[in-house]
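Taking the hints into account, I'd like the entire structure generated from these sequences.
2 protein chains.
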Amino acid sequence: MSPSPFHGLSAFPPTPADPHGRIDTEGLGRLLERLCESAVASIGLLGSTGIYAYLTREERLRAVKAAVECVNGRVPLVVGAGALRTDHALDLARDAEAAGADALLLAPVSYTPLTQEEAYQHFLAVAKATRLPLCIYNNPGTTHFTFSRELLQRLSDIETIKAVKMPLPVDGDLRGELALLRERTDLAIGYSGDWGAAEALLAGADAWYSVIGGLLPRTALALTKAAMAGNDGEARRLDDLLQPLWEVFKAYGSIRVVYMMAEHLLDIRAELPRPLLRLGPADRERVLDIVRPLIELEHQSLL
Amino acid sequence: MSPSPFHGLSAFPPTPADPHGRIDTEGLGRLLERLCESAVASIGLLGSTGIYAYLTREERLRAVKAAVECVNGRVPLVVGAGALRTDHALDLARDAEAAGADALLLAPVSYTPLTQEEAYQHFLAVAKATRLPLCIYNNPGTTHFTFSRELLQRLSDIETIKAVKMPLPVDGDLRGELALLRERTDLAIGYSGDWGAAEALLAGADAWYSVIGGLLPRTALALTKAAMAGNDGEARRLDDLLQPLWEVFKAYGSIRVVYMMAEHLLDIRAELPRPLLRLGPADRERVLDIVRPLIELEHQSLL
Numbered sequence: 001m002s003p004s005p006f007h008g009l010s011a012f013p014p015t016p017a018d019p020h021g022r023i024d025t026e027g028l029g030r031l032l033e034r035l036c037e038s039a040v041a042s043i044g045l046l047g048s049t050g051i052y053a054y055l056t057r058e059e060r061l062r063a064v065k066a067a068v069e070c071v072n073g074r075v076p077l078v079v080g081a082g083a084l085r086t087d088h089a090l091d092l093a094r095d096a097e098a099a100g101a102d103a104l105l106l107a108p109v110s111y112t113p114l115t116q117e118e119a120y121q122h123f124l125a126v127a128k129a130t131r132l133p134l135c136i137y138n139n140p141g142t143t144h145f146t147f148s149r150e151l152l153q154r155l156s157d158i159e160t161i162k163a164v165k166m167p168l169p170v171d172g173d174l175r176g177e178l179a180l181l182r183e184r185t186d187l188a189i190g191y192s193g194d195w196g197a198a199e200a201l202l203a204g205a206d207a208w209y210s211v212i213g214g215l216l217p218r219t220a221l222a223l224t225k226a227a228m229a230g231n232d233g234e235a236r237r238l239d240d241l242l243q244p245l246w247e248v249f250k251a252y253g254s255i256r257v258v259y260m261m262a263e264h265l266l267d268i269r270a271e272l273p274r275p276l277l278r279l280g281p282a283d284r285e286r287v288l289d290i291v292r293p294l295i296e297l298e299h300q301s302l303l
Numbered sequence: 001m002s003p004s005p006f007h008g009l010s011a012f013p014p015t016p017a018d019p020h021g022r023i024d025t026e027g028l029g030r031l032l033e034r035l036c037e038s039a040v041a042s043i044g045l046l047g048s049t050g051i052y053a054y055l056t057r058e059e060r061l062r063a064v065k066a067a068v069e070c071v072n073g074r075v076p077l078v079v080g081a082g083a084l085r086t087d088h089a090l091d092l093a094r095d096a097e098a099a100g101a102d103a104l105l106l107a108p109v110s111y112t113p114l115t116q117e118e119a120y121q122h123f124l125a126v127a128k129a130t131r132l133p134l135c136i137y138n139n140p141g142t143t144h145f146t147f148s149r150e151l152l153q154r155l156s157d158i159e160t161i162k163a164v165k166m167p168l169p170v171d172g173d174l175r176g177e178l179a180l181l182r183e184r185t186d187l188a189i190g191y192s193g194d195w196g197a198a199e200a201l202l203a204g205a206d207a208w209y210s211v212i213g214g215l216l217p218r219t220a221l222a223l224t225k226a227a228m229a230g231n232d233g234e235a236r237r238l239d240d241l242l243q244p245l246w247e248v249f250k251a252y253g254s255i256r257v258v259y260m261m262a263e264h265l266l267d268i269r270a271e272l273p274r275p276l277l278r279l280g281p282a283d284r285e286r287v288l289d290i291v292r293p294l295i296e297l298e299h300q301s302l303l
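Taken in order, these protein sequences are the chains called H and P. Under the UniProt record's numbering, the first residue of the first sequence is numbered 1, with each subsequent residue one higher. Under the UniProt record's numbering, the first residue of the second sequence is numbered 1, with each subsequent residue one higher.
Source of the hints: derived by calculation from the structure; they are not laboratory data. Careful, some of the hints might be misleading.
No copy is singled out in the list; a pair is fine if it fits within one copy or between any two copies.
To be verified - When the alpha-carbon atoms are kept at most 25 Å apart in a straight line, the in silico SDA-like pairs for lysine to any residue are as follows:
#1 K250 <-> P140
#2 K250 <-> D283
#3 K250 <-> F147
#4 K250 <-> Y120
#5 K128 <-> S4
#6 K128 <-> G21
#7 K128 <-> E271
#8 K250 <-> T142
#9 K162 <-> R131
#10 K250 <-> G141
#11 K128 <-> R274
#12 K225 <-> A127
#13 K162 <-> D91
#14 K250 <-> S110
#15 K162 <-> R274
Bear in mind the structure is a predicted one, so any value in this text is a computation, not a measurement.
Structure follows, in structure tokens:
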């Protein structure tokens, strides 16, 4: 196990829930058990894939309590505390700390577009509300907020802000971005966007914030370790095996794919919150054809 | 007063609230009284400027009840029912109907980006939940959802969906867009984006969904009437007078400007929900210099 929740593979499981947003803590426990057994570097509970944005404060607290009990210190738990209102984010951060979370993940969720200063004050308020280390959740695809480099620099000066989860750079220049961020901040720098993870880690990123790591942790961990050891060939071989999955992640949105995978894999009920819809029968068949051999590899530990 | 809530000036007031999102119903009543006295075509309660996205179901219901009591049938009340979850939007729509709202405004609020089909099913579910006429709230600047023309066409086939509130077209071609939408749908077509309202109405739009109409209804109504009567000269003269205000709307976001205007104008407490911040002292001074003469014009009915 890595000594930091922000170095190595951070696995983001789906959160199984019913159509009313009531969490199935038993099903969640089974998902988390797989991650603990695989010894991922950290678990990203209630990330975007974990539908945090759609759950009430009460349900999010139930999820954290159930996760702390199940994980029982084996793997650091990073808990999403994002909310549209600053006061709600403070409540969620304090709830997570009180329930035993090890770290926080905070996205600048927005409706009215935020200024850089508004995002700064939001992060500052949450950072001050607990003693937990905090990872900046930079995900413009869902939050529609773009961090300036100056803002990341200011945030990295806040003592408990320790890491950033970056989206893949639009221009593809991972090495350039990493060099710039390392020059300006002392944050641990990780990436999300599973299809770019191998390249990001080979370019020197500290972490992979991984959707597929939440369901196929052994495969994701093998890729992470190969890439972080500079083993290009092995990292790219595994990435190639996963390529068909990346294609359906991009085509349908990874969240829609992993919720059906979770049901298939663990026989649990994992409903997407409407308005999000399940994939239709033809799309499901296409996804199942792709994931069946990947699940087999994962289970047989053939990697 | 126009016979339809979706034709003419629809005025969107701010919702005065404390830092915890508790609504000041007395202050709200004073804002609404001004709109009723000016006989706007409709009141857009709990729109984006009315911070609906940041308020709880309970507070939103309190706002609707207070508004129905104050307005007392003098002006149709269009109530925002947007929510991230479909089940929550259904609850809000039913609450609004039960409390006496005349129509609904529904935005496809998103976190995970929605597909066209997901948005369709979301609107269909809400439309079926009440008998109220419904206006599609097309506002990609906050919802980050883009309606295809096909989707607008499908939605217009749902019996109670009667109108759409459009953003200003990126290419500026209002006449072309209006012609296309009228060919494909039977929706009443209105625009938001106050700085483009004069041109939209002169191009034949049915309604102006107006932020400044919520605070300076007489001025906004004079502009609306002139433009809808095809009086280019008068509409453009009023639009020119408002130009400095449009500049600060664009510079700071109209919501940040109108909350300080509401405090200045009516001596009420109208806090933006954090993370949104008040304008700083220099910016406030700039805005006040611009709005003082506009408030005077409004009060003296010199228009």
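Status of the hints after comparison with the structure:
1. K250 <-> P140: Both, since 16 Å and 21 Å are each at most 25 Å.
2. K250 <-> D283: within (13 Å within a copy, 43 Å between copies)
3. K250 <-> F147: Cα proximity of K250 and F147: in one copy and across copies (23 Å, 20 Å).
4. K250 <-> Y120: between (31 Å within a copy, 21 Å between copies)
5. K128 <-> S4: within (21 Å within a copy, 50 Å between copies)
6. K128 <-> G21: Between copies, since 22 Å is at most 25 Å while 30 Å is not.
7. K128 <-> E271: The answer is between: 22 Å across copies meets 25 Å, while 35 Å in one copy does not.
8. K250 <-> T142: The answer is both: 14 Å in one copy and 23 Å across copies each meet 25 Å.
9. K162 <-> R131: within (12 Å within a copy, 52 Å between copies)
10. K250 <-> G141: Intra 12 Å, inter 23 Å, cutoff 25 Å: intra and inter.
11. K128 <-> R274: Only across copies: K128 and R274 sit 15 Å apart there, 34 Å inside one copy, limit 25 Å.
12. K225 <-> A127: neither (31 Å within a copy, 51 Å between copies)
13. K162 <-> D91: This pair counts as within: shortest intra-copy Cα distance 21 Å, inter-copy 40 Å.
14. K250 <-> S110: both (23 Å within a copy, 18 Å between copies)
15. K162 <-> R274: Between copies only: 24 Å across chains, 34 Å inside a chain, cut-off 25 Å.
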